[in-house]
Structures are given as structure tokens and as C-alpha cells.
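Enquirer: The lines below spell out each chain.
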Amino acid sequence: MEVPDSIERELILPVPPARVWAALTRPDQLSAWFGTRATIDLRPGGEVVFTWDGSTGPSGTNHGVIEAVEPPNRFAFRWQSSRDTAQMTLVEFTLQPHPEGTRLRLVESGFASLPPELRDGCHESNTRGWQRELGELAQYLAVR
Amino acid sequence: MMREAPDAVFTALADPTRRRVLRLVAERGPTSATLLEREMPVTRQAIVKHLVVLSRAGLVTGQRTGQEVRYGLVREPLDEASEWIAEVGSRWDERLARLRQVVLDQKPERS
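Chains as they are written, first to last, in our numbering: chain A, 1 to 144; chain B, 145 to 255.
The hints are simulated quantities; they were obtained by calculation from the structure and are not laboratory data. Quick caveat, the model's predicted, so the values are computed rather than measured. Misleading hints may appear alongside valid ones.
Claimed, not checked - Derived CB-CB ranges, DEER-like:
{"id": "1", "chain 1": "A", "residue 1": "Thr-39", "chain 2": "B", "residue 2": "Arg-208", "range": "48 to 56 Å"}
{"id": "2", "chain 1": "B", "residue 1": "Gln-189", "chain 2": "A", "residue 2": "Asp-53", "range": "21 to 29 Å"}
{"id": "3", "chain 1": "A", "residue 1": "Glu-47", "chain 2": "B", "residue 2": "Arg-182", "range": "25 to 33 Å"}
{"id": "4", "chain 1": "B", "residue 1": "Gly-202", "chain 2": "A", "residue 2": "Asn-62", "range": "48 to 56 Å"}
{"id": "5", "chain 1": "B", "residue 1": "Arg-208", "chain 2": "A", "residue 2": "Ser-6", "range": "33 to 41 Å"}
{"id": "6", "chain 1": "A", "residue 1": "Glu-10", "chain 2": "B", "residue 2": "Arg-200", "range": "33 to 41 Å"}
{"id": "7", "chain 1": "B", "residue 1": "Thr-161", "chain 2": "A", "residue 2": "Asp-53", "range": "23 to 31 Å"}
{"id": "8", "chain 1": "B", "residue 1": "Glu-183", "chain 2": "A", "residue 2": "Thr-51", "range": "19 to 27 Å"}
Said to hold, decoys possible - If you only want the chain B side, here are some residues facing chain A, beta carbon under 8 Å, derived:
{"id": "9", "residue": "Phe-154"}
{"id": "10", "residue": "Ile-229"}
{"id": "11", "residue": "Gly-233"}
{"id": "12", "residue": "Trp-236"}
{"id": "13", "residue": "Leu-240"}
{"id": "14", "residue": "Arg-242"}
{"id": "15", "residue": "Arg-244"}
{"id": "16", "residue": "Val-246"}
{"id": "17", "residue": "Val-247"}
Even glycine gets a Cβ: it sits at the ideal position worked out from N, Cα and C.
With these hints in hand, go ahead and build the complete structure from the sequences.
Expert: What follows is the structure in C-alpha cells.
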């Protein structure tokens, strides 16, 4: 019954990192796989906007802020993971050369972080241990 | 469509004192703010506030017996939070499968 604080995926893509980088950061290519139309201001602090056209559910936009642009190794942005949550999460792509092409790692983290209006330095440092603690709680409950 | 995100659960769990209260409730079974006060370095008033937040998030439920309210753990919201994150994960699985297709379909760029 553990509630994870992050989603982690890893895959090997049979193309060089530069091509994966383009697929992640070029608006036309990003739009092709992300499931929404995407525009992107590719610089730290820049904006990434995902637009749902309404064909697969309600239409709308989701604005994210780019955290890291380190071609062709790391690309990260902060966003609302889905339109029905107020939580801001961090999406991080890490690219590494691999004998077969590129090792791509995705981590989306921060599901249990405080909502922005409650966030301050003091609280933020305290929230990091929650996953471990909750894991312990889950363990405790599992053996009951 | 995705179900509503368990934001209240995430927010409730983001506070360390509240996690401690929840943990004690889980360990002790239905318990009162007065009993919890003996085990925690905070006032009864503060514990009551935390119990109210946990209760709003659906993580505990209070039952009045005589003069006091006893709070018990409700597991379902924690399970739902896990399921919600699993759904967000499956969206990534779909996207990454499409990403693979996109990079395979691309013509290599020539310079």
C-alpha cells in the first residue's frame, strides 16, 4: 500500500541522443508523441504549453515552466501532471549514449509536495521524508 | 478519463506532524486527541487541527463515544492515491511508446 512520490521509466531507443533530444524539445516532434499540441520556449525559465484540442476529452491548456535545457543530456520542466490536479510535479528526461542508441530515463516527481500556496522553505525541507515514512506505515499495516 | 486527483491526501501527507498523527492512529487503532497528546510534543489543540485535516482528506474518521471523539484510520484514500499515480504512470507508458515510434519514423537529419 505504498504511495510512491515519483514515476520512473527507462527505455532504450535505437537512435542517437541528438535525435531523441529533437523529439523531446522540438514542438512539432513533441506534439507528435505527447498527445497534445505543444509549444515550447526552449530555455530555463521558458514556457512549455500543451494544448488539448478536445478530441480526446475536454479541451484546454496546461502551462509548464522549463527547469533545465542541457542538450543532449537533460531536459526538465515543472507542470501540473494532469488537469485535474493542483500539484506541480517535475518531469525530467535524462539521455545517455548507449551501445544500441540512447538510454532515456524519465522521472516525474513531487506528487506529495505541498501546493504552491502553502509552500515555504521550512515546510519544503520537511516534506522530503514522507515517502519513506509512509512506506513504513504501509509496512506496518501490511503485517497487521 | 482520469479520476479526480487525491490532492487532499497529498496535501495532508505533506506535513510531518500530520504523518506522525496518522501513524499513531494507524498503530493504536481508534484513539482520541487526548490520548495522542500523551505521545506527541504538541498541544491537544494542534493535534485536533491535524485530525481535522486528515479527516477532510478522508484518511481518518471520527466517532463520538461519550465525551470524546475517537479517530480511526481509513485506508482507501491511500490506496486511491497509489492508483492515481499508477494511472499517471500508464499515461507516460503510452506517450513513451509513441515517442519510440516518432524517433523510428524520423528520417535521419543530414547536415
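Enquirer: Which hint numbers doesn't this structure obey?
Expert: Hints 2, 3, 4, 7, 8 contradicted; others consistent.
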